[in-house]
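A.B. asks: Here are the chains, one letter per residue:
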Amino acid sequence: MVSTTTLADLAALVGGQLEGDGQVTISGAASISRSQSGDITLADVPRLTKQLDESPASAVVVVTGFPPTAQPRIVVENVHAAFAQIVSHFRPQYTSACSGCSESAHIASSAQIGPDAVVHPFATIEQEVVIESGAEIHSGVRIMAGCRIGADAILFPNVVLYPGTIIGARSVIHAGAVLGGYGFGYHLVDGAHVRKAQLGTVEIGCDVEIGAGTTIDRGTYDATIIDDGTKIDNHVQIGHNCHIGKHNLICSQVGVAGSCTTGDYVVMAGQVGLCDHLHIGDRAVLGAKAGVMNDVPEDAVFIGAPATPERDQWRMWGHVRQLPNMRRQLKKLCQKLDRESESASDPEQQDAA
Amino acid sequence: MVSTTTLADLAALVGGQLEGDGQVTISGAASISRSQSGDITLADVPRLTKQLDESPASAVVVVTGFPPTAQPRIVVENVHAAFAQIVSHFRPQYTSACSGCSESAHIASSAQIGPDAVVHPFATIEQEVVIESGAEIHSGVRIMAGCRIGADAILFPNVVLYPGTIIGARSVIHAGAVLGGYGFGYHLVDGAHVRKAQLGTVEIGCDVEIGAGTTIDRGTYDATIIDDGTKIDNHVQIGHNCHIGKHNLICSQVGVAGSCTTGDYVVMAGQVGLCDHLHIGDRAVLGAKAGVMNDVPEDAVFIGAPATPERDQWRMWGHVRQLPNMRRQLKKLCQKLDRESESASDPEQQDAA
Amino acid sequence: MVSTTTLADLAALVGGQLEGDGQVTISGAASISRSQSGDITLADVPRLTKQLDESPASAVVVVTGFPPTAQPRIVVENVHAAFAQIVSHFRPQYTSACSGCSESAHIASSAQIGPDAVVHPFATIEQEVVIESGAEIHSGVRIMAGCRIGADAILFPNVVLYPGTIIGARSVIHAGAVLGGYGFGYHLVDGAHVRKAQLGTVEIGCDVEIGAGTTIDRGTYDATIIDDGTKIDNHVQIGHNCHIGKHNLICSQVGVAGSCTTGDYVVMAGQVGLCDHLHIGDRAVLGAKAGVMNDVPEDAVFIGAPATPERDQWRMWGHVRQLPNMRRQLKKLCQKLDRESESASDPEQQDAA
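Protein chains in written order, with this note's numbering: chain A, -13 to 339; chain B, -13 to 339; chain C, -13 to 339.
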């Protein structure tokens, strides 16, 4: 832990403009809802003014042009960059204590480890693996035969790569992710499910991020591909033979069945599910829990299960909420018409009316 | 395996009242549907009488006041406590064969390991980690720099804690769980998703249980918090900056997006999904597969997607099931009115009628 | 990598009939959509003819009777078997470089390891574990006390088995799966959730396959059972006390709550959820994302949430899509009737009409 400092010193640290008492003592940094007396907090949009007024925080980092605040403040152009610097000042991030290849790692003699690559204790690197310069392989990572890890890639603890998996430069694979497992494909032979060929691989592009516990299955004959710049959250399942495009954002617990393809900049919110062999067009957005059974065109927004264009789905949900009213109206109409038919067919009653 | 025993001995073991032949030989314990001749079984509610009559079990543990049974029996106040004792008699639970710190573990010199703590082979404990007395760190657990593990906590095999994670006393983290991974937050810079600051931590309270494979992301600037006594099942995803209250029950495959907060005693059934920045009030219950898009008040029960108060949702589902009838009624009305208008506007037809 | 070869040689390799120029040089194998010049591809159904015509592939493996193709070809009875052989020719699958028990594994002295079993580095095998002949235990697998692993079973890296878990012969457990964790069952005592007994085990039959990251909880008193021949995909959760029948197919991200039973040949598509204590009959099929709240009979197909027989559910969805029309019709009827009543009750207007 770092000792306390003054607001003036923090303003100097981030190159911001000090407004108010620079000698106020700051001992920590926290977001508004968590901040306490002694903390500096941040506010990036004017609607936070009220929350800020009620906050016990002792100072605040605000964007240029922010309304007046009760607290003394540091004014900057980029609130988040400045605040991140301040947080790191109070709570320095840990850096790896490891360099080179740990003697407690298991590295096959045919593996090639680039200069400046780091291999932590208890990592397993099998035959013919290539790890390029600057890559970091954390403790307990299992890299099976023939995999290639690009420069400056990071594999967090206990990641597992099946044979032949390729990871691009600067990609980050989070703890416990499993890449290259067998696809889920069987045919029935004499009453038993027999596994189809699982001879393909997994190829992860550059600057990809893959979340903790996520699984990506190898292709049948080819590679399952995740293209450059795509970010995948935790617990996602990508089936065999998929080709996910560039710069997709795939949120937690999404399941993509086999042989799907996506364009670039596709967004899938949490718990979305895709049937197999679908194509999702460039920039399409799939809302949380969408159950997608057909191709989705470019720039479309689909929600619901079965997935439907957003506007239509909201309308349908609106109509469903009107069902009690509709039934009531319908009932009245029926009664009314019944009464009328009765009176029409009954002269006595008609006279009496 | 333990040799057979008599029912009288088992009655003595659990301090229960023997009814029937105490000399019957018992060789195992199983629940009713799985029990075989020679087994003792259990019945905690009267409606099990019939199933019990048809069971081949040789004896039964019942609660005081249970109706007459075909089998000789042991009568107790707490059926489950007594039966657990009997099961453990026939199939003793394994206790850890490990004590102290394994020489095959990797422990940084700056880590502090409390007395009576156990560290199994191939565990990795990085710099400045503190493990308090009585904690058990199983094989393959990865505790990264600066984490703190409370007294008597248990980390099952292959758990991964990212730097700075805090685990409270007596908490249990199941195999393969990953705590403290980066939150899923990016901003678009020149067409590429750039990761936002992920400088926070994860803080797990006391007496918390976290399921196998569950992931809890670190906060942006602060901690993601799981409060005392909360129990989380397998495959759950808790996003960055969430604050889960005390004594929540969160079932398998639930996904909670970033910055959500919950009160105390909240229950989320399996596969529930929450949008980000929601608040779920004390004692609220979210039914299985609920897709929650708005705050949920205290004591409310919400189901469906979009999540809706239980009563309203069941009503809507009921109305939807009535749609075929409604369409039929509507069609008839239209036909009827059409006929009437036709006859009204057609004097010929009217005369003919 | 293997050097190029001729189509004639490949035809000889797979015992197929060569049609066209056998001297064409082949340097790789890929499916149609991924194939490039120099590749051999495959086509198993006639509707691929057009795609094949447009493909740059230099040759193709086709089934007997396939329509004429632009490319020279190899004709076989079993396209997939032949193509798998060709893929393996160009990209030989890695075989384990490990034999016997690694000196870097931790094996308790009371464990029994059968002949021809393989234990990789950094695997942990605790007391009284039995591993039968031919089983392969990959790196980082944690086998806790008293487990039994059948002959020729394969446990991929970082699998965790809690004490007492049993794996049948030839079963395959993929990376990071966790078997035998505690079930999610608590009772409330003085405001705190107290874990119920978790004294049972997990028993996996023969020829079972379990996906990466999948979790199967131990039974309360008995075993949670997965029967022979059943295949389970990645990220699946099977709750405590379940008995899954033979030859089931359970796709990714399915959640089965506690004490469910299934017949044989049941299929559950992705992201299906089952409430606890349900029975799913033989050969029943549960569609993707189905939310099952009641027993499902033999041979039934259920979809939707709440799950409904397929035909009824599609009809309901169809009706819901008709709601805008229904509302329009209903509105018109109401207006019409209102007009008529008005004119009926207003002699002036009636005259004017």
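Check the hints yourself; a few may be wrong.
The list makes no distinction among identical chains, and a pair is therefore deemed to hold if it is satisfied within one copy or across any two copies.
Listed next, the in silico SDA-like pairs over lysine to any residue satisfying Cα-Cα at most 20 Å (straight line) [what the hints assert, rightly or not]: (1) 182 x 317; (2) 182 x 81; (3) 182 x 138; (4) 318 x 8; (5) 182 x 71; (6) 182 x 0; (7) 182 x 51; (8) 322 x 83; (9) 318 x 328; (10) 36 x 50; (11) 317 x 87; (12) 182 x 67; (13) 36 x 19; (14) 317 x 54; (15) 322 x 97; (16) 182 x 31; (17) 36 x 6; (18) 318 x 78.
Since the hints were derived computationally from the structure, they do not count as laboratory data. None of the values given here were measured: they were computed from a predicted structure.
A.B. asks: Each hint needs a verdict: does it hold in this structure or not?
C.D. replies: Against the structure, the hints come out as follows:
Within a single copy, residue 182 and residue 317 get their C-alpha atoms no closer than 57 Å, and across copies no closer than 52 Å, so neither meets the 20 Å cut-off. In this assembly of identical chains, the alpha carbons of residue 182 and residue 81 lie at most 20 Å apart only when taken from different copies (18 Å versus 44 Å within one copy). Proximity of residue 182 to residue 138 under the C-alpha cut-off of 20 Å is restricted to the inter-copy arrangement: shortest distance 19 Å between copies versus 35 Å within a copy. Taking CA atoms no more than 20 Å apart as the test, residue 318 paired with residue 8 passes in neither setting, with 73 Å inside one copy and 71 Å between copies.
Taking the shortest alpha-carbon separations for residue 182 and residue 71, only the inter-copy value of 12 Å comes in at or below 20 Å, while the best intra-copy value is 52 Å. Only between protomers do residue 182 and residue 0 lie at most 20 Å apart by alpha-carbon distance; the minimum there is 17 Å, versus 58 Å within a single protomer. In the homo-oligomer, the alpha carbons of residue 182 and residue 51 never lie at most 20 Å apart, since the shortest distance is 62 Å inside one protomer and 23 Å across protomers. In this assembly of identical chains, residue 322 and residue 83 lie within 20 Å of each other by CA distance neither inside one copy nor across copies; the values are 83 Å within and 81 Å between.
In this assembly of identical chains, the alpha carbons of residue 318 and residue 328 lie at most 20 Å apart whether taken from the same copy (15 Å) or from different copies (16 Å). Taking CA atoms no more than 20 Å apart as the test, residue 36 paired with residue 50 passes inside one copy only; the shortest distance there is 18 Å, against 61 Å between copies. Taking identical chains as interchangeable, the C-alpha atoms of residue 317 and residue 87 are never at most 20 Å apart, the minima being 78 Å within one chain and 76 Å between chains. Proximity of residue 182 to residue 67 under the C-alpha cut-off of 20 Å is restricted to the inter-copy arrangement: shortest distance 9 Å between copies versus 50 Å within a copy.
In the homo-oligomer, the alpha carbons of residue 36 and residue 19 lie at most 20 Å apart inside one protomer (12 Å), although the nearest pairing across protomers, at 57 Å, exceeds that limit. Taking the shortest alpha-carbon separations for residue 317 and residue 54, neither the intra-copy value of 60 Å nor the inter-copy value of 54 Å comes in at or below 20 Å. Taking the shortest Cα distances, residue 322 and residue 97 never come within 20 Å of each other, neither inside one copy (85 Å) nor across copies (83 Å). In this homomeric assembly, residue 182 and residue 31 come within 20 Å of each other (Cα to Cα) only across copies, at 17 Å, whereas the closest approach inside a single copy is 55 Å.
In the homo-oligomer, the alpha carbons of residue 36 and residue 6 lie at most 20 Å apart inside one protomer (19 Å), although the nearest pairing across protomers, at 74 Å, exceeds that limit. Taking the shortest Cα distances, residue 318 and residue 78 never come within 20 Å of each other, neither inside one copy (71 Å) nor across copies (69 Å).
In terms of the numbered hints stated before, the structure departs from hints 1, 4, 7, 8, 11, 14, 15 and 18, listed from lowest to highest.
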